[in-house]
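Turn these sequences into a full structure, and let the hints guide you.
Protein chains: 2
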Amino acid sequence: MSNTTDETLAFTPKFDEHGLIGAVIQDGTDNAVLMFAYMNAEALAATQRTGFIHFWSRSRQKLWMKGETSGETFKVEDIKVDCDQDCLLIRVTPQSMGNACHTGRRSCFYRSLNGKALTFT
Amino acid sequence: MSNTTDETLAFTPKFDEHGLIGAVIQDGTDNAVLMFAYMNAEALAATQRTGFIHFWSRSRQKLWMKGETSGETFKVEDIKVDCDQDCLLIRVTPQSMGNACHTGRRSCFYRSLNGKALTFT
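First to last, the sequence lines map onto chains W and Y. If you read the first sequence in the numbering used here, its first letter stands for residue 1, the second for the next number, and so on. If you read the second sequence in the numbering used here, its first letter stands for residue 1, the second for the next number, and so on.
Keep in mind that the hints are not guaranteed to be accurate.
20 Å max Cα-Cα, derived DMTMM-like pairs, lysine to aspartate or glutamate [stated by the list, open to error]: (1) Y:Lys14 / Y:Asp86; (2) Y:Lys116 / W:Asp78; (3) W:Lys116 / Y:Asp84; (4) W:Lys62 / W:Asp78; (5) W:Lys116 / Y:Asp78; (6) W:Lys14 / W:Asp78; (7) Y:Lys116 / W:Glu77; (8) W:Lys75 / W:Glu42; (9) W:Lys116 / Y:Asp6; (10) Y:Lys75 / Y:Glu17; (11) Y:Lys116 / W:Glu42; (12) Y:Lys14 / W:Glu17; (13) Y:Lys116 / W:Asp30; (14) Y:Lys14 / W:Asp16; (15) Y:Lys116 / W:Glu7; (16) W:Lys14 / Y:Asp30; (17) Y:Lys62 / Y:Glu17; (18) W:Lys116 / Y:Glu77; (19) W:Lys116 / Y:Asp30; (20) W:Lys116 / Y:Asp86; (21) W:Lys14 / Y:Asp16; (22) W:Lys62 / Y:Asp84; (23) Y:Lys62 / W:Asp84; (24) W:Lys116 / Y:Glu42; (25) Y:Lys116 / W:Asp27; (26) Y:Lys116 / W:Glu68.
Bear in mind the hints are in silico, worked out from the structure with no lab data behind them.
Structural data, given as structure tokens:
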């Protein structure tokens, strides 16, 4: 049923052609999905080293800590990797209001798709 | 605080250079994150039309319904899009055992990263 990537305990993340891997950020207090963003190897290492979520900004080409300006930092509880090691799921505990989205909302997923249009939820 | 992509109710998904958009699949019964995979416009349309999760297989270059061989299908409850419209969050209700992973596990995220190695969770 499995191949080595599926069942190995060696961490061999599949970074894409831009050196990035996607990370789903989930609130450990109630399992809400807060956001999805990309890490490079440096951002993942900083996240592990500091215990706080870091990302790689493609537009600014810069490592940044989530919340470094807003104060909305997220403490890492657990980092999981999926079966083919091309996506991370990181459970976090919010350290401030818990608003992960740059719009000030808790979650970046605040619109639902109905047919061809969106509705706020 | 916002730009048009953030606040519009027009659905303008940002497919990547391969015509794909990532989709986080979340179990609506307990908010567990089951998997992350990619949809193209055709897979998203089929998901909306049928009410069941469809993906685009990059390796087989083929549209497929999740569970079409395993029987583990997932009924769509809600499709959300994130602030910059480059990721979907789809809440589902499992129709069989609820094992989303091709390894037979419920979730694809069954290994935690501790230092440089993984542990089964």
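So which hints don't hold here, by number, going up?
-> The structure breaks hints 4, 10, 13, 16, 19, 25 and 26; every other hint is satisfied.
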